[in-house]
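Just need the whole structure built from these sequences, with the hints factored in.
Its first residue numbered 31, the sequence shown is counted upward by one per residue in the working numbering.
Each hint should be verified, as a subset may be incorrect.
[What the hints assert, rightly or not] Each pair of labels, with its calculated beta carbon distance range:
hint : residue 1 : residue 2 : range
1    : 225       : 260       : 40 to 50 angstroms
2    : 262       : 79        : 48 to 58 angstroms
3    : 230       : 265       : 12 to 22 angstroms
4    : 97        : 267       : 44 to 54 angstroms
5    : 264       : 230       : 41 to 51 angstroms
Source of the hints: derived by calculation from the structure; they are not laboratory data. Remember, predicted model here, so these are calculated numbers, not experimental data. Where a beta carbon is used, it is the ideal one built from N, C-alpha and C, also for glycine.
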Amino acid sequence: MAFAPPRALGARSVQSLEEYNTPRAPLRRQVSLDEERRDDCQGHWKGPYLEGEEEEKGVRLFRAMLLQHLRLEELRPPPCMIVPANPDERGWWMYWRDWRALERAARRFRETKARARLASRAEHIPLLCLDEVEFEDIMQEICQACVHIEQRALVVMAFLCEVVARAVRVGGWCRAADWAAKHVAQCATPWAIRHGGWSAVVERAGGSRREDTLIAGAAIAALLAFLLFCRTRIRHALL
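Printed below as a string of structure tokens:
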């Protein structure tokens, strides 16, 4: 995956951080790793910004991707990140199908040079002295730099995972997780809706679902074989 160089100032709708001189939101109190209490936060996946089904779906998928990313980075997630998101009303199968598609895309993305560049960019973000406006400026720059429009949602989620993972290491993870979930719901989800919804977006990012179909078919075949075996054993026992 490639990234385009920043556009000229006149062609951009969002200025870089150095050129952004308008008033900002008040800087929140800096929170160190020692000050941030793990047992004070009740979770980040059920906020007031979840106004519809697609917003909940996007946050639910991001939570799953984040937890997997933390496992791969050998980081223990804080309890507030393990708190469940709102369940998928369509049922576990539809959620599992969407997640499998996103997981395939994320697994391939981890092997690209673009992922290394995103991780390097996240390492240079001053999390403990950042306000939400600055955070959104950074996210806008990431979106503008993504050349492949169809992969934008994957790039955004991957970068947010890198940011939150760094926050778990250095502190400020509650704030980072809140901002990440809000960005997925309020910024990434409208984009996903314009491109057919999260299910369609992750399906295109993940490629073919042939693997899922084969797994489901194998599971059904195994279940039928087991039922047939039990029926045969019962028949022989009765005779």
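So, going through the hints one by one against the coordinates:
no.	hint	verdict
1	225 / 260: 40 to 50 angstroms	holds (47 angstroms)
2	262 / 79: 48 to 58 angstroms	holds (55 angstroms)
3	230 / 265: 12 to 22 angstroms	violated (48 angstroms)
4	97 / 267: 44 to 54 angstroms	holds (46 angstroms)
5	264 / 230: 41 to 51 angstroms	holds (46 angstroms)
Taken one by one, the earlier hints fail for this structure only at number 3.
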